[in-house]
Each structure stands twice: as C-alpha cells, then as structure tokens.
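Student: Single-letter residue listing:
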Amino acid sequence: MAMDGGAAELREAHRLTGHTDRVWSLAWNPSPGAGAGPVLASCGGDKAVRIWKRAADGAWRCSDVLEDTHNRTVRSCAWSPDGKLLATASFDSTTAIWEYSGGDFECVATLEGHENEVKSVSWSASGSLLATCSRDKAVWIWEMQPGNEYECVAVLQGHTQDVKMVQWHPNLDVLVSVSYDNSIRVWADDGDDEWHCVQTLTEADNCGHSSTVWALSFNQKGDRMVTCSDDRTLKIWDTSADLSQPKTGDNHESWRHLSTLTGYHGRTVFSAHWSSEDIIASGAGDDVICLFTEDKSSMTEEPSYRLILKKEKAHDMDINCVRWCPQDPNMLASASDDGTVKLWELRGNALD
Amino acid sequence: MVVGLINANPVIYEKKERRIRQAPETTDENAAEPIDQLEIFDHIRDIKDPEHPYSLEELNVVTEDSIEISDEHSHVRVTFTPTVEHCSMATVIGLCLRVKLMRSLPPRYKVDIRVAPGSHATETAVNKQLNDKERVAAALENPNLLDIVEECLSPTFA
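As they're listed, the protein sequences go chains Z and F. This note's numbering puts the first sequence at residues 1 to 352. This note's numbering puts the second sequence at residues 1 to 158.
Calculated from the structure, these hints are not laboratory results. Predicted model, so just to flag it, every value in this text is computed and none were measured. Check each hint, because a few of them may be wrong.
Unchecked claim - Straight-line alpha carbon distances no greater than 35 Å define the calculated DSBU-like cross-link-like pairs of lysine-lysine that follow:
1. 310/Z / 221/Z
2. 137/Z / 110/F
3. 16/F / 110/F
4. 110/F / 128/F
5. 137/Z / 313/Z
6. 133/F / 137/Z
7. 137/Z / 128/F
8. 110/F / 313/Z
9. 110/F / 133/F
10. 310/Z / 110/F
11. 15/F / 128/F
12. 84/Z / 137/Z
13. 133/F / 310/Z
14. 133/F / 53/Z
15. 133/F / 221/Z
16. 221/Z / 53/Z
17. 16/F / 133/F
18. 84/Z / 133/F
19. 15/F / 110/F
20. 128/F / 310/Z
21. 133/F / 313/Z
22. 110/F / 53/Z
23. 221/Z / 296/Z
24. 128/F / 313/Z
Can you build the whole structure from these sequences, using the hints too?
Tutor: Next up, the structure:
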C-alpha cells in the first residue's frame, strides 16, 4: 500500500466525462475476471449506463454505453457477486438485468411490478436473491431462476414513505432498507421463506436519523454499518447481532447505535461507503468528500470515529455517490450532479 | 369537468416598480458582478400562478424580502407564502421556483425553497418534498407536471 507516512491526501487521478446529465450512482465490478483491471459502471439522468475500463496506457475509457432500454433516469446499478450480471434500477419503474456476452451487454430480463420509480437494487452475497425498492414504499425480493427468470418471493411493506436504498448484508441473507420516513429497517426470512421486518431503527427509539436516510454501507465483516442522511450526519451501528434467524420470546438481540458523526457536512449526505481498509468515505450536497476511520487510541469504551480528511470542492456540484474500488483499496470513485465521475487516489498514512 | 378553485378570490397586490440595478462601483469591467436579492427576484416575480392569471408577485406569494442570498457561499433561499393555508398548489409553485432558478443561476448555486413558517397546513411535508432533489427530478420527468410548470414559467407577462 502507498502509505508513506505523510498526512492523508486525496488526489484527483482521472476525470470520466460522457454522461450528459447528473450522475446518480456507481458500481465497481467485484469480479471483473482473471487478468482484467477494475471495471466501473455509472448511471444517471441521461437514462444511460456507462461502463469504464482502464486501458493499457493507464487512461480510463468508456467501453460500453447501455441505453435505449430505460426511458427515464437510471437511478442506481449493481453487479452480481460473480461480476457477470449488472442490474439497473430506473425511474421508469422497472429494473433491467444485463449480461455481458460475446463482447456486448445484452438486456436479458426486465423486472416489473413496482408502482413507480425504482430507487435502488442490490444482490445478496450468494447472488441468488435481488432486492429492489421504490417510491411506492415497498421493498421487493426476487429470486433468480434458471433461464434469466426472476420470481418475486416477497413484497415487504412497512416503510411509510419513499424507500431510498436497499443493501444486503455482506455475508448473511439480511436486507437493510432506508427511507424518506427517516427510518432504517432490517429484514430477514423466518426459515420458512416468509420475510419479516426484524428491527426498525428510528430517531425516537435508537438515536436514529431525524430526516431522510439516503444510503447505507456495511464494513467487510458485516459487524458494523454506516448510514447517512438529510439531517447532515452519518451514524455508525453495531450490527454484530445475527438477525438472520429471528428469535421469539425474551432476550432479543438487536443492532444498536454506536456513534454519530456530526458537523462535517453542511448539506444532505447522499452517500457513504466503507472500504476494505476500514475507511468510511462520505459524499454530500456541499460538494465535499470526507474520510473517517475508527479512533483506536480513544479511551472511551464505545468505539469513536474521527475525520482523517476533508476534500472541499471535490466536485462543482452535489456529490451523489462514493465507492471504494474492491481491487485497489486506495482508489475512490465519486459521481456528481456536475455530470462527471472522478477517480481519486488516497495517499499518505491515513490509518495512523 | 368543473373544478373549484382552491382560492376563488385572491387578494391582488400592486406590482413593485422595477428598479434598475445599480452598476457596481468598480473600475474593473471584467470583475465578477455578485448576484443580489433583486436579480433573484427579477427571475421569479413573473412566474404565473398555477390557477390564476396573475404573477406570484401580484399575489404576494414572493417578495424581494423573501429572498436570502449569499453570493460568496453560492446559496439562495426563497421563502414563499401560499395564498391560503390549505393550498394544494404549494408544491407546484415551489417546483416552478426551483426550476426557474435552476435554469437561471450558475450551476454552483445551492437553492433551498420553503413555505413561510406558519403559512401552510402541511408546511414540513411540503418543504421536505421541495428539497428532495430525487423527487424533484422524478417529478420533472412526469410530462403532465412538466407541462404545468412550463405553462407557469412561460413569458406571458411583459
């Protein structure tokens, strides 16, 4: 790793241009294939998805443009764990599944059912389940069947407003959703393929958020989670309790609030992402990227988190998404209303 | 179909006299001229009410004093006052204000739109919706809603 002992620095390494409207979301391919370099997908208000690859000369180029399938904004995208499929969620109320075959991306399935805008899509760790969420307040779970068929196995009701993002736990079949209703909901199946809300994290009961929760991210182990909100804070949660096997009776294990990161962003925090090196990146409506890490020297019993870097004016406009590259933990991608995607290189001793 | 007006008899206010903006006292012709309250007001005063043939200025929905601006921080806040407390047009008016400023101001500007405190029955809900850029983006992809907004922004008034 390029940790040379200096103070942490975030250097703009590449600027990817091509989208003709705001860029909403980014996804690194977790498994681009043997010998292949990192592959990034971006999507946005121009109704298109762009696939970015590093060329032999080190420059980043757009290798594919996926268009003419969604007729409204593509709000988010997600790769399957094996890196072979890309799911795209659109304001046109559908989710499309793309397969890379014969040098081309082909739309192999369209998931319909939500009443209006689909906001987010996520694959489970095993790759057999897919979750989507919508402004219709519902979360849907789909099961992948042979022959590019997807069967809806659950429609989860509980949120009272627009659901902004869904994300599966990194190794358990536990799903988390965050919403315009300010709450965070945790969903698991009871062993009989019946899905239930097993915990709701709110401001009143759990030191939760006081406005729209926009995004969440787990650490690699899955025992911590970060959420970010329109209330301009990020919150860290202890998620070590295994909620995948819901228990009845007394002594419920549960997830709990650990820490609130406040005073770092001046506007809505739209995105947060936890790196494999345990650095949390956040991107917000104040055009700022912040990096945080756990303060191991802290004398308090509860873990505390400290700011290690604040990058002002990282973009010309709101930052909608930040994502660490799984193959290179010092590379961060960010997407903005300014229509660009930037690739940043983290240098210096960030973990001191 | 006959649809009742939300506010059948709104109070009409005089249009303010149009002031000429003072040229800044500088000898450098190329110096950036900061955007001020009056310039923002000029952008939004002639927006047409969604249900009356009057401008937002004539209905006292917006005034020059309802605009707060910090050019240095690239921030504008517009506080508008719906004509009645239960105005179901409040979100449409707010959307028109946002779209007009989005099209008129340099992209570096952050815009907040809100109803005047105490002026609307569902104030918090209206404000939250108007400042959720994802829902604003989705609303503007709705052709019917976009038509209404375009009509309100069309240059009917000289």
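Student: Next, verify each hint and record whether it holds.
Tutor: Results of checking the hints against the structure:
Only pairs whose Cα atoms come within 35 Å are accepted, and residue 310/Z paired with residue 221/Z is accepted, the gap being roughly 26 Å. For the hint linking residue 137/Z to residue 110/F, the alpha-carbon distance of about 28 Å falls within 35 Å, and the restraint holds. At most 35 Å may separate the alpha-carbon atoms for a hinted pair to count; residue 16/F and residue 110/F meet this at roughly 27 Å. Using a Cα cut-off of 35 Å, the hinted pair residue 110/F and residue 128/F holds, with the two alpha carbons roughly 15 Å apart.
Using a Cα cut-off of 35 Å, the hinted pair residue 137/Z and residue 313/Z holds, with the two alpha carbons roughly 34 Å apart. For a cut-off of 35 Å, the pair hint linking residue 133/F to residue 137/Z stands: about 18 Å separates their Cα positions. For the given pair, residue 137/Z sits about 16 Å from residue 128/F by alpha-carbon distance, which is consistent with the 35 Å threshold. A threshold of 35 Å between alpha carbons decides the hint, and for residue 110/F with residue 313/Z the separation of about 13 Å falls inside it, so the pair holds.
The hinted pair formed by residue 110/F and residue 133/F meets the criterion: a straight-line CA distance of about 11 Å does not exceed 35 Å. This hinted pair checks out: residue 310/Z and residue 110/F have alpha carbons roughly 20 Å apart, not beyond 35 Å. This hinted pair checks out: residue 15/F and residue 128/F have alpha carbons roughly 30 Å apart, not beyond 35 Å. Simply put, residue 84/Z and residue 137/Z have alpha-carbon atoms about 30 Å apart, close enough for the 35 Å limit, and the pair holds.
Simply put, residue 133/F and residue 310/Z have alpha-carbon atoms about 24 Å apart, close enough for the 35 Å limit, and the pair holds. Straight-line distance between C-alpha atoms of residue 133/F and residue 53/Z comes to about 30 Å, which keeps the hinted pair within the 35 Å bound. Between residue 133/F and residue 221/Z, the direct Cα distance comes to roughly 33 Å. Compliance with the 35 Å bound is thereby established for this hinted pair. With a C-alpha separation of about 28 Å, the suggested pair residue 221/Z and residue 53/Z falls inside the 35 Å cut-off, and the hint holds.
Using a Cα cut-off of 35 Å, the hinted pair residue 16/F and residue 133/F holds, with the two alpha carbons roughly 32 Å apart. With a C-alpha separation of about 32 Å, the suggested pair residue 84/Z and residue 133/F falls inside the 35 Å cut-off, and the hint holds. Taken as a hint, the residue 15/F and residue 110/F pair is honoured in the structure, with Cα atoms around 28 Å apart against an allowance of 35 Å. Restraint check for residue 128/F and residue 310/Z: satisfied, since their Cα atoms lie roughly 27 Å apart, inside the 35 Å limit.
With a C-alpha separation of about 19 Å, the suggested pairing of residue 133/F with residue 313/Z holds against the 35 Å cut-off. For the hint pairing residue 110/F with residue 53/Z, the CA-to-CA distance comes to about 33 Å; that is within 35 Å, so the pair holds. Distance restraint check for residue 221/Z and residue 296/Z: the Cα-Cα separation of roughly 18 Å lies within the 35 Å cut-off, and the hinted pair is therefore satisfied. For the suggested pair residue 128/F and residue 313/Z, the alpha carbons sit about 25 Å apart, so the restraint of at most 35 Å is met.
Violated hints: none; the structure is consistent with every hint.
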